[in-house]
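K.L.:
Chains U and V, in that order, are what the protein sequence lines are. Residue numbering for the first sequence follows the working numbering, starting at 1 and increasing by one per position. Residue numbering for the second sequence follows the working numbering, starting at 1 and increasing by one per position.
Rather than coming from a laboratory, the hints here were simulated on the basis of the structure. Careful, some of the hints might be misleading.
[To be verified] Only pairs whose alpha carbons sit at most 25 Å apart, straight line, appear in this in silico PhoX-like list of lysine-lysine: (1) U/LYS80 x U/LYS31; (2) U/LYS357 x U/LYS212; (3) U/LYS174 x U/LYS132; (4) U/LYS373 x V/LYS85; (5) V/LYS155 x U/LYS211; (6) U/LYS31 x U/LYS174; (7) V/LYS81 x U/LYS522; (8) V/LYS155 x U/LYS212; (9) U/LYS522 x U/LYS211; (10) V/LYS53 x V/LYS91; (11) U/LYS446 x U/LYS463; (12) V/LYS335 x U/LYS522; (13) U/LYS132 x U/LYS226; (14) U/LYS80 x U/LYS211; (15) U/LYS99 x U/LYS261.
In this text the structure is predicted, and so the values were computed from the model without any measurement.
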Amino acid sequence: MANIQDKIAKQFPEATFEDGEILLVNIPDAKWHDLAKFLKEDADLHFDHLITIIGMDWVDKFGCVYQLSSTKYNTQISVKVATEERENPMIHSVSDIWKIATTFEREVYDFFGIIFINNPDMRRLFLSIDWKGYPLRKDYDMSPENNPVPTENERQEDVTYSYVEDENGNVEKKTIAIFQPEDYVVNIGPQHPATHGVLRFRTAVDGETIKKIDFYSGYIHRGIEKLCEGLTYPQTLHFMDRMDYFSGHHYHHALCIAYEKALGIEISRRAQVIRVLMDELARIASHCLFLGTYCMDLGATTMLFYTLRVREQILDIMERTCGARMTFNYGCIGGVMQDLHEDFVKDVKELLAVLPKNIKEYNELFIGNVIAKGRLENIGNLSFEDAISYGVTGPSGRASGWACDVRKTHPYSIYGGLDFDEVVYTEGDSMARTKLRIAEMEQSAKIIEQLIDNIPDGEYCVKVPKVIKLPVGRWFQMVEGCRGAFGVYIESDGGASPVRLKLAPPCLPLANVVDHITQGYKIADLITIGGSLDYIVPDIDR
Amino acid sequence: MYDLSIITNWIHELLLSVMPGWLATTIECVAIGVALLLVYALLALFYIYFERKVCAAFQCRLGPNRVGPLGLLQSFADMFKMLIKEIITLKNVDRFLFALAPYLVIIASMLSFSVLPWGNGLQIIDFNIGIFFLIAVSSIGVLGILLAGWSSNNKFTLIGALRSGAQMVSYELSIGLSVLTMVAFAGTMSVTGIVEAQKDLWFIFSGHIPAIIAFVIYLVAGTAETNRGPFDLPEAESELTAGYHTEYSGMHFGFFYLAEYLNLFIVSGVAALLFFGGWMPLHIPGWEGFNEIMDYIPSVLWFIIKAIVISFVIIWFKWTFPRLRIDQLLNLEWKYLLPINLFNLVLMVLVIVYGLHF
Numbered sequence: 001m002a003n004i005q006d007k008i009a010k011q012f013p014e015a016t017f018e019d020g021e022i023l024l025v026n027i028p029d030a031k032w033h034d035l036a037k038f039l040k041e042d043a044d045l046h047f048d049h050l051i052t053i054i055g056m057d058w059v060d061k062f063g064c065v066y067q068l069s070s071t072k073y074n075t076q077i078s079v080k081v082a083t084e085e086r087e088n089p090m091i092h093s094v095s096d097i098w099k100i101a102t103t104f105e106r107e108v109y110d111f112f113g114i115i116f117i118n119n120p121d122m123r124r125l126f127l128s129i130d131w132k133g134y135p136l137r138k139d140y141d142m143s144p145e146n147n148p149v150p151t152e153n154e155r156q157e158d159v160t161y162s163y164v165e166d167e168n169g170n171v172e173k174k175t176i177a178i179f180q181p182e183d184y185v186v187n188i189g190p191q192h193p194a195t196h197g198v199l200r201f202r203t204a205v206d207g208e209t210i211k212k213i214d215f216y217s218g219y220i221h222r223g224i225e226k227l228c229e230g231l232t233y234p235q236t237l238h239f240m241d242r243m244d245y246f247s248g249h250h251y252h253h254a255l256c257i258a259y260e261k262a263l264g265i266e267i268s269r270r271a272q273v274i275r276v277l278m279d280e281l282a283r284i285a286s287h288c289l290f291l292g293t294y295c296m297d298l299g300a301t302t303m304l305f306y307t308l309r310v311r312e313q314i315l316d317i318m319e320r321t322c323g324a325r326m327t328f329n330y331g332c333i334g335g336v337m338q339d340l341h342e343d344f345v346k347d348v349k350e351l352l353a354v355l356p357k358n359i360k361e362y363n364e365l366f367i368g369n370v371i372a373k374g375r376l377e378n379i380g381n382l383s384f385e386d387a388i389s390y391g392v393t394g395p396s397g398r399a400s401g402w403a404c405d406v407r408k409t410h411p412y413s414i415y416g417g418l419d420f421d422e423v424v425y426t427e428g429d430s431m432a433r434t435k436l437r438i439a440e441m442e443q444s445a446k447i448i449e450q451l452i453d454n455i456p457d458g459e460y461c462v463k464v465p466k467v468i469k470l471p472v473g474r475w476f477q478m479v480e481g482c483r484g485a486f487g488v489y490i491e492s493d494g495g496a497s498p499v500r501l502k503l504a505p506p507c508l509p510l511a512n513v514v515d516h517i518t519q520g521y522k523i524a525d526l527i528t529i530g531g532s533l534d535y536i537v538p539d540i541d542r
Numbered sequence: 001m002y003d004l005s006i007i008t009n010w011i012h013e014l015l016l017s018v019m020p021g022w023l024a025t026t027i028e029c030v031a032i033g034v035a036l037l038l039v040y041a042l043l044a045l046f047y048i049y050f051e052r053k054v055c056a057a058f059q060c061r062l063g064p065n066r067v068g069p070l071g072l073l074q075s076f077a078d079m080f081k082m083l084i085k086e087i088i089t090l091k092n093v094d095r096f097l098f099a100l101a102p103y104l105v106i107i108a109s110m111l112s113f114s115v116l117p118w119g120n121g122l123q124i125i126d127f128n129i130g131i132f133f134l135i136a137v138s139s140i141g142v143l144g145i146l147l148a149g150w151s152s153n154n155k156f157t158l159i160g161a162l163r164s165g166a167q168m169v170s171y172e173l174s175i176g177l178s179v180l181t182m183v184a185f186a187g188t189m190s191v192t193g194i195v196e197a198q199k200d201l202w203f204i205f206s207g208h209i210p211a212i213i214a215f216v217i218y219l220v221a222g223t224a225e226t227n228r229g230p231f232d233l234p235e236a237e238s239e240l241t242a243g244y245h246t247e248y249s250g251m252h253f254g255f256f257y258l259a260e261y262l263n264l265f266i267v268s269g270v271a272a273l274l275f276f277g278g279w280m281p282l283h284i285p286g287w288e289g290f291n292e293i294m295d296y297i298p299s300v301l302w303f304i305i306k307a308i309v310i311s312f313v314i315i316w317f318k319w320t321f322p323r324l325r326i327d328q329l330l331n332l333e334w335k336y337l338l339p340i341n342l343f344n345l346v347l348m349v350l351v352i353v354y355g356l357h358f
C-alpha cells in the first residue's frame, strides 16, 4: 500500500492521500486523466478494472470516487476527484481508458448533473430525458410538482451529446446522431420475451444482421440509492432482495459485512456458515433458472421444466427457513433473522443427491445437442481485455479467461478456508458462458457438501445496539453474486442513516457490453448473447 | 377390406334416381364440403389437445385437466373463446391484404386436406396428378404468410414473413424431390395409384435404402414446411414475439393457428401415404392369415393412426430441440438436404431400373 502511495506521490506531487481500509487518492480534475492513464498503464500498479464510479455531493463540492482494482495484484484503490463549481460541474472523462466508464459516467450525470468532458455519450441513463433536477444532489427538490406523472408519451431523441474540449480548454457541446438515416431500426423491448424484463434495445439491422444496438434502460428505476439516504441502516437491508432477485442472499451478505465492518461487530461462526450455505444454494438456483430460461429463449422449452424442478427444491428449502421464496430478507446486522429449520440438513442432502443426475441430464440434453452447439459456439466472443475494460465480472467474465471470482480474489466471510475451484474458461463465447455456469453449480454443491455436516452450534445472531449508528468514514465491500461482483460503498457522517449508499451491481456492465459483442451477428444471436450474459433488469435499474 | 366406394356409389345412384344429374352433383359437393369442414375443425381441436398432452408428458406436467374429463373439452373451450373474441383492426395496415392473408393460409391447407387418402374408396378428389396438385396447393400457404407479415406494417412481422418466405421456398424443394423419388418408385402420381402400389408391402420396406433416406428428408423438410420447432423461426417467440401473426386477433389469429395444426396432420398424412401405404393395412407377403386379420381393421383407422404416429414424432422434435438460426437453416437445406436428395433420386432410379427392390 505504501509502495503504491510513494509511486503516485512521485509522479503526481499534487495528490494527497487518505488512509483507510482502501487507500484513497485526492487529485485535482486537471491531473485526473493523466493519473488514470498512469494507474492503468504502469506495470507495477496495473489498475485495469474500474469497479464503479460513485458520484458524490459533499454539499460544498461535487465529485466522484472511482473504485479501481488490479486484476494482476488483486489490490484496490479509490480516487477522489472533486469540483467546487455547483452551477455547471464538470470533470474530465476517463471513458477512453476504461470502456465501462462511458456508462458509469452517464449514471453520475443522470443523478448529479456532473458533465464529463470528452465522454462520447452524455445522455441520461435511467431517468426520462425531460426529468427536472438531479435527484441525488442534496439540494434536490422532491416536490411532485417538479416532475408530475406524465400523461403523454415520453419524448424520444435520436441524438446524443458530447462535451468536447479543444486545446485552449474551451468546452463545446456537440450533437451526435445515434443512428444513420438509412438504418432500419427495430425496437427490441421494453416488452419483449427475450429481454428478461423491461429493457430496450434499439437495434439497427441490415437484413438479419445487427449493425448497432442502443441500450436504453430505466423503466423500473426505483431510486434505491436515494431512498436509502432517508432510511436507517437496518431498513436499507430490505432493498437488497429487490435488485437481483436471485442474488438476494448475496446482496444482503455484502451490506451486512460492510455494516459489521464499520461497527466492529464479530459474528458467530454459525451465522457465517448459514450465510455461505444460503449464498451457494441461491447460486445453484439462479444458475438453474438461467439455464432453463436460456434454453427456452433458444426454443428448447422442455429444459425449463427440468431445471425448475431443481430450483423448486431449493426454494422449498429456503421457504422453510426464511419464510419466503423470493424476497428472503434473511441476513441482518449481526447474523441472520431466524435459525435454520430443523429439516434443513435433511432437505439439503436430498438436493445434493439429485443434483449430479440432473446436471448430467442438462449436459446430455442441451450442451451436447448439435443444434445447441451450432447456436452457441463462437457466438458473441468477448476477449479477455474487453471483459476487463467493460467490467464484465461473474461467470461471463470468467468465461473470457478473467479469474474474477471475488470469493477467491478478495475472500470474505469463511470462503478463504473452503476448498473449491474457480472455474475459468478461455473461449469467451456463449457456449463457454453456459458451460461455466453448469460447472459452477457443481462447485457450489462442493462447498455445501463441506459445510452441511458441520454447521457449528452457537447463536445465529449476535447482540447489536438497538439504534445503529455508523462511525464517520467510508467502506467498500464486494461479494460474488450470482451474476458477478456486487459492490456496496457507504459513506457515513455518524448519523443513523447513510450519507451515501452506492450499489455497484454486476448487471449494468453486462447489459452495456451487448452492443460491443453483437455487432455483425444475426438478430437470433442477440437473444443467444443477451441470454448468455444473464443480466437481470431490476439490478441494472435499481 | 371394406370398399367404401360401394356406399358412396349407392348414395350417388340414389340421388340420381330422384333428381337430375347437376343437382345431385351439387348436393354431393355441398355435403362433402360440410363434412370436410367438420373433420377439419375436429381434427384441429384434437391436435391442439394432443400436442398439449404430449408436451406436458415431456415436461413432467399433467397438461389440460380441468375442463371436462381429462381436460378433453379444453380445446373446445379455447375455440369458443377464440370465436367470440373481437377482431381488432389496426391503424395504418393494408386492410384488404391484412384480412385476406388468414383466408389464403386456411384455404391452402383445406385444399391439400381434401387430397388425402382417407380410406378405401374414400378419395374425395381422385385424379391422375393428385400428389402434384397437393404440392401445388400447399404452396399457396406461403403467400398468406408473406402477405400477413407485409400488410401488418410491423417490423417484427415483416422479418418473420421474410424468414418464412426464405424457409418455405427452400424446403419446398426438398419436399418436392423426396416426393418425386417416391412417385418414381410408384410409377404414378395418382393418390389411389400410390396406395394400390403398396398393396403387398409398404414403400418404406420395399424401397429400402432410398425410401428410408427420402423419408428422413421428407420428415425434416415437412417439419420446416409447417413452421414447427426446431424450424419455427418465422414465429420465433423469443426473437420476434410471434412473427408474422403478431398483429392478428380473434378468429383471424385462429385461422393461422388451425392451419398450423392441420398442416401438421397433412404433412404426416402425406408421409403416411408415400411411405406407409396410406390407408393400406400392414401386409407382409406370404403371411396370408396375418394379412387377413389386418384387413379387419377399418382403412380409415389405419390412415388416421399412421398420421398421428408420425405427428407424434414431429411434436417430439419440437419439444426437444432448440431452434436453428436462419443461416443455419438455409445451409442445412442448400448444402446438405438438396444434394443428398438429388443423389437419392438417382439411387432410386437405379433401384427401379435394375429391379433391386422387394
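K.L.:
Against the structure shown, which of the earlier numbered hints fail to hold, in ascending order?
P.N.:
Of the numbered hints given earlier, those the structure breaks are 2, 4, 7, 10, 11, 14, 15, listed in rising order.
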